[in-house]
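For reference, the chains in residue letters:
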Amino acid sequence: DAGITQSPRHKVTETGTPVTLRCHQTENHRYMYWYRQDPGHGLRLIHYSYGVKDTDKGEVSDGYSVSRSKTEDFLLTLESATSSQTSVYFCAISRQGGGETQYFGPGTRLLVL
Amino acid sequence: AQSVAQPEDQVNVAEGNPLTVKCTYSVSGNPYLFWYVQYPNRGLQFLLKYITGDNLVKGSYGFEAEFNKSQTSFHLKKPSALVSDSALYFCAVSSLSYNTDKLIFGTGTRLQVFP
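So the protein lines, in turn, are chains X and C.
For what it's worth, the numbering used here labels the leading residue of the first sequence as 1, then goes sequentially.
For what it's worth, the numbering used here labels the leading residue of the second sequence as 1, then goes sequentially.
Don't take each hint at face value.
[To be verified] Among the chain X residues that face chain C by a calculated CB cut under 7 Å, a handful are:
| # | residue |
| --- | --- |
| 1 | P8 |
| 2 | F90 |
| 3 | G99 |
| 4 | T101 |
| 5 | F104 |
| 6 | G105 |
| 7 | P106 |
Simulated from the structure, these hints should not be mistaken for lab results.
On a predicted model such as this, the values are computed, not experimentally measured, just so you know.
Backbone N, C-alpha and C define an ideal beta-carbon position, used for all residues, glycine too.
The shape of chain X in the complex, shown without the other chains (with noise of 0.2 Å):
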């Protein structure tokens, strides 16, 4: 899985109480991003960052928040996990944007009660 680790890989929470999944990489890419998968949606993106400190929105960003203080690592955060939150959690990496080949971690198994 192209030199990325997630996080935890499974993880059971309530309603309620705040989550944080780490990303890290050993390949020293610029570009990380978070996905969801869902049934019926594919995958989706949620925050993205194209450098230490500097991080953009993706298509469902509601309820996430994102930090990266170095370049190995990208955090994604449920400040108050939903059920609706329930998903598996992807990142992924590359090198550029512009079109360079994304390639995806092994995924969080994230299943909020």
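For this one, chain X is given, so just place chain C on it according to the hints.
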């Protein structure tokens, strides 16, 4: 707005037969097109992409795709299917006129190859 459609939720094919997984797109300007494959409980793996140049793109594991601008399609093909090709396939698109950093994915097509 840009979008991508995979009109078939599932495609069934016998081993050894040719396979096609369909993808159509809607963007302003020139598209960047991608195919990914997902095996059970795994992340997505890159298969191939079209940015510019030859309309026929060859990728990993014997897959290829043809960019057809007039039909706004980018169908994935393989001449002879293997049982091990059974997986979930995603088409994705971005474009300069929208934001090339942002990929829009289709809903996926499940390919089932029968022995």
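- Query: Minimum Cβ distance from X/G99 to chain C below 7 Å?
  - Reply: 4 Å, holds
- Query: Should the interface hint for X/F90 be scored as holding, given a Cβ-Cβ cut-off of 7 Å against chain C?
  - Reply: Because about 6 Å separates X/F90 from the closest Cβ in chain C, which is inside the 7 Å limit, the hint holds.
- Message: For the restraint on X/P8, tell me whether the closest CB of chain C is nearer than 7 Å.
- Response: 15 Å, violated
- Task: Could you check if X/F104 really has its C-beta closer than 7 Å to a C-beta on chain C?
- Result: This hint holds: X/F104 lies near chain C, its Cβ roughly 4 Å from the closest one there, short of 7 Å.
- Message: A closest beta-carbon separation below 7 Å is what the hint needs, so does X/G105 meet it against chain C?
- Response: 5 Å, holds
- Item | Interface hint for X/P106, Cβ within 7 Å of any Cβ on chain C | With a closest approach of 5 Å, the X/P106 hint holds.
- Message: Would the hint on X/T101 be counted as holding, given a Cβ-Cβ threshold of 7 Å to chain C?
- Response: For X/T101, the interface hint holds, since the closest Cβ of chain C sits about 5 Å away, which is under 7 Å.
Hint 1 from the earlier list is the only one contradicted by this structure; the remaining hints agree with it.
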